[in-house]
Amino acid sequence: MARLAHRRSTLPKRGLVIELDGVEKTFTLRVKSGRVRRERREVRAVDGISFRVDPGELIGYVGPNGAGKSTTVKMLTGILVPSAGRISVAGLDPSRQRIKLARRIGVVFGQRVQLWWDLPLRDSFELLRHIYRVPENRWRANFDRFTEVLELGPFLETPVRQLSLGQRMRGELTAAMLHDPEILFLDEPTIGLDVVAKARVREFLAEVNRDQGVTVLLTTHDLADIERLSSRLLIIDHGRVIHDGTIERLIADYGEERTLVVDLQEPAEPLEVDGARVVRVEGPRQWLRFRRDELTAARLAAAVAERAPLVDLTVEEPDIEDVVRRIYAEG
Amino acid sequence: MVETLGIYRRLVGSRIRSQLQYRLSFALTVTGNLLLSGLDFAAILVLFGQVDALGDWTVGEVALLYGISCVSFALTDLAVGQLDQLPRMIREGEFDQILVRPLGSLLQVICADVALRHLGRLTQGAVVLLVAVAYVDVTWTASRIAMLLVAIVAGAAIFAGIWVAFSSIAFWLIDSQEVCNAFTYGGNYTAQYPVNIYGRWLRRLVLFVVPVAFVSYFPALYVLDKPDPLGLPEALQFASPAVALITGAAAWLVWRTAVRRYRSVGS
Numbered sequence: 001m002a003r004l005a006h007r008r009s010t011l012p013k014r015g016l017v018i019e020l021d022g023v024e025k026t027f028t029l030r031v032k033s034g035r036v037r038r039e040r041r042e043v044r045a046v047d048g049i050s051f052r053v054d055p056g057e058l059i060g061y062v063g064p065n066g067a068g069k070s071t072t073v074k075m076l077t078g079i080l081v082p083s084a085g086r087i088s089v090a091g092l093d094p095s096r097q098r099i100k101l102a103r104r105i106g107v108v109f110g111q112r113v114q115l116w117w118d119l120p121l122r123d124s125f126e127l128l129r130h131i132y133r134v135p136e137n138r139w140r141a142n143f144d145r146f147t148e149v150l151e152l153g154p155f156l157e158t159p160v161r162q163l164s165l166g167q168r169m170r171g172e173l174t175a176a177m178l179h180d181p182e183i184l185f186l187d188e189p190t191i192g193l194d195v196v197a198k199a200r201v202r203e204f205l206a207e208v209n210r211d212q213g214v215t216v217l218l219t220t221h222d223l224a225d226i227e228r229l230s231s232r233l234l235i236i237d238h239g240r241v242i243h244d245g246t247i248e249r250l251i252a253d254y255g256e257e258r259t260l261v262v263d264l265q266e267p268a269e270p271l272e273v274d275g276a277r278v279v280r281v282e283g284p285r286q287w288l289r290f291r292r293d294e295l296t297a298a299r300l301a302a303a304v305a306e307r308a309p310l311v312d313l314t315v316e317e318p319d320i321e322d323v324v325r326r327i328y329a330e331g
Numbered sequence: 001m002v003e004t005l006g007i008y009r010r011l012v013g014s015r016i017r018s019q020l021q022y023r024l025s026f027a028l029t030v031t032g033n034l035l036l037s038g039l040d041f042a043a044i045l046v047l048f049g050q051v052d053a054l055g056d057w058t059v060g061e062v063a064l065l066y067g068i069s070c071v072s073f074a075l076t077d078l079a080v081g082q083l084d085q086l087p088r089m090i091r092e093g094e095f096d097q098i099l100v101r102p103l104g105s106l107l108q109v110i111c112a113d114v115a116l117r118h119l120g121r122l123t124q125g126a127v128v129l130l131v132a133v134a135y136v137d138v139t140w141t142a143s144r145i146a147m148l149l150v151a152i153v154a155g156a157a158i159f160a161g162i163w164v165a166f167s168s169i170a171f172w173l174i175d176s177q178e179v180c181n182a183f184t185y186g187g188n189y190t191a192q193y194p195v196n197i198y199g200r201w202l203r204r205l206v207l208f209v210v211p212v213a214f215v216s217y218f219p220a221l222y223v224l225d226k227p228d229p230l231g232l233p234e235a236l237q238f239a240s241p242a243v244a245l246i247t248g249a250a251a252w253l254v255w256r257t258a259v260r261r262y263r264s265v266g267s
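Just so you know, the protein sequences line up as chains A and B, in that order.
So the first sequence is numbered by the working numbering: it starts at 1 and just counts up by one.
So the second sequence is numbered by the working numbering: it starts at 1 and just counts up by one.
What the hints contain is simulated information worked out from the structure, not anything from laboratory work.
Being a predicted model, the structure only gives us computed values, none of them experimental.
Warning: the hint list may mix true and false statements.
Now the in silico label distances, taken between C-beta atoms and shown as ranges [said to hold, decoys possible]:
(1) Phe26(B) <-> Phe27(A): 39 to 47 Å
(2) Glu178(B) <-> Ser83(A): 24 to 32 Å
(3) Trp117(A) <-> Arg9(B): 16 to 24 Å
(4) Thr257(B) <-> Val113(A): 24 to 32 Å
Over the 12 Å line for every Cβ pair with chain B, so calculated as not near, a few chain A residues [said to hold, decoys possible]:
(5) Gly15
(6) Trp139
(7) Glu157
(8) Leu165
(9) Glu203
(10) Leu223
(11) His238
(12) Arg240
(13) Gln265
(14) Asp274
(15) Trp287
(16) Ala305
(17) Ile327
Backbone N, C-alpha and C fix where the C-beta goes; we use that ideal spot for every residue, glycine too.
Please work from the sequences and hints to get the whole structure.
And the structure:
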C-alpha cells in the first residue's frame, strides 16, 4: 500500500493546468551611488514560488504592492521569462511556447487597454476573431452571449477611448473570452471600478468558472473580490507564498479578533477596557479590538458604557483585509 | 503565412481608413513629408553648385544613388516605421499585450500603425530616381533595369533589418531612440552619397556593420558600368540580395534575444 502511494506520487500529474516549481524572477537595477558610478542591485520580485492548480479552480492571488503578484502572472502568461524554476501552463512552457499558449488562455490587465483604442468594440472583437482564428459560428455564439450577459449592446459601436472604465472592462472581459480559453488570468480586474461594476465583473467570472469550467486566476487588492469569488486563496509577500488555502481556514487561523465600533457622546481619551484595545480614534468614534475567546461583544459594550455615555455601536467581524494585513505584518 | 497577411491587411487597413478620414490633413502631411525629404536632395544640388564631381561621381550619378536609397528607405519606413514606437510601447507596458496574443511580436509592433505620410518621401524619391535614370549616360538594358529593381527591394530589406536590429536596443536601454535613428535615418543619408568619399572607418561601417553600401553604391556601380573607385571585387555588385538575407537573419536573431530580455513595467 505504501509502495503504491509512493508510486502514485511519482507519476506525472495529470490534469494540472498550472504548475510552478521554485519559480524566481530577479531584476537587475542600476542604482546611482555617486556622481557617475552606478551600482548593480538585484531585486528578487519572485523568490521561489511553487503551487499547483487543478482544472476549474478559481484562485485569488493577493499580496501588497510589490509582492510579486503581477510578475507571477506575467511569467504564467509568457510575458516574462523566469530567472529560475519551472512553469507549466496548460502543459506548455509559457515563455518558450508563447504563441501556442496564447490561443488557450485569456488575459486581462486591469490597468492596461488591450482593445484597440480607436476602434469601436465590435471591430476590436472582429479583429480578435481573426487573430485567434476563432471559427465564425463559435465566435458568433460567444459574441452574442457576452454581449447579452455584460450588456455591451448600447456601446458596441463606440470607440474604446470613449468608453467609461466599467464599460471598457466589460469589453476587455469579452475580448479575453471570445476564443474559449481554458484558463483566464486577470491582473487587478476590478481596480478603479465602482461598486456596481465590480459586482458585475465578479458575477461574470463566477459564471464562466461555474458554467464553462474555465480555470480562473486573479490578482487583486480588493479582498472583497476574493471573499465573493474564490475558495482558494494564495497570499504572497516578498516574492513568496505565505498562505495557500481556503478563506475560512485563513480566518480561523488568523482572524480571532473582532472590533467593536462605539460612538460616544463626545470625543474622549482612548478608552481603557480589560481584554480590548483601542486601535483607532476619530472624534467621538473609537474602534476597540478584542479576541472572541476572551470577551463577548455584549460584555465589552457594557464596559464601555460604564466609562462614557454611549450613542451607538456596531460589531465588525474580522475582515479578511485585517487578517491579511496581519499576515503581512507577521510574514 | 496567408493568414498572417490577412491579419496584416486587417490591422493596417483599419489604420489607413482612419487616416484617410481627414483628407485635407492627410494631403498636408504627405506634402510636408515630401518637401522635408526633398531638402536632402536640395543639399546635394547645392553641393554640386560648387563642385563638378564628388569622388568621381557626377550629379546625375549621385542622384541615382539618392533615388535608390530614398525609395528603398521610404518603402521600409512605410512597412516597419512603426518600430519607432517600440521604446514607448516598452516604457508604457503596451508590449505586454503584444506578448499575450497568438501572433509574432515583431509583426504586431509593425502592424500597430502605418504612417502614410511616408508616401511623401516615396514620391519624392521616385521622382529623383526617374529624373536620374533619364539624366545619366546609360543604355538601359533589361539587366540594368532588373538590377535597379533588385537594388530597391534588397535595399528596403537591408534597411528593415537595420531598423529591427537597432530598435531592439530599446529592450536594454529605454532611451535608445536616438541611437537607433543614427543607424536607420543615418543609414539612409549615408547611402545617398558614394561610399568612396567616406573615411576608412565609415567605409568599413557601411560595408560590414550597417551594410547600406549594398543598398545603393554597389548596384549603382553595376548600373552605371562604373569602375569601383575603391577597387573592391566586382562580385560585391551582385551581393545585395545575399546581404539583405544575412541582415534579415541577423536582425531576427537580435529581436528574438531582445524580446526574452523584456522586463515589462511595474504593476
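Status of the hints after comparison with the structure:
{"no.": "1", "hint": "Phe26(B) <-> Phe27(A): 39 to 47 Å", "result": "holds, 43 Å"}
{"no.": "2", "hint": "Glu178(B) <-> Ser83(A): 24 to 32 Å", "result": "holds, 30 Å"}
{"no.": "3", "hint": "Trp117(A) <-> Arg9(B): 16 to 24 Å", "result": "holds, 20 Å"}
{"no.": "4", "hint": "Thr257(B) <-> Val113(A): 24 to 32 Å", "result": "holds, 28 Å"}
{"no.": "5", "hint": "Gly15", "result": "holds, 23 Å"}
{"no.": "6", "hint": "Trp139", "result": "holds, 14 Å"}
{"no.": "7", "hint": "Glu157", "result": "holds, 14 Å"}
{"no.": "8", "hint": "Leu165", "result": "holds, 16 Å"}
{"no.": "9", "hint": "Glu203", "result": "holds, 24 Å"}
{"no.": "10", "hint": "Leu223", "result": "holds, 18 Å"}
{"no.": "11", "hint": "His238", "result": "holds, 16 Å"}
{"no.": "12", "hint": "Arg240", "result": "holds, 19 Å"}
{"no.": "13", "hint": "Gln265", "result": "holds, 46 Å"}
{"no.": "14", "hint": "Asp274", "result": "holds, 45 Å"}
{"no.": "15", "hint": "Trp287", "result": "holds, 31 Å"}
{"no.": "16", "hint": "Ala305", "result": "holds, 47 Å"}
{"no.": "17", "hint": "Ile327", "result": "holds, 22 Å"}
The structure is consistent with each of the numbered hints, conforming to all of them.
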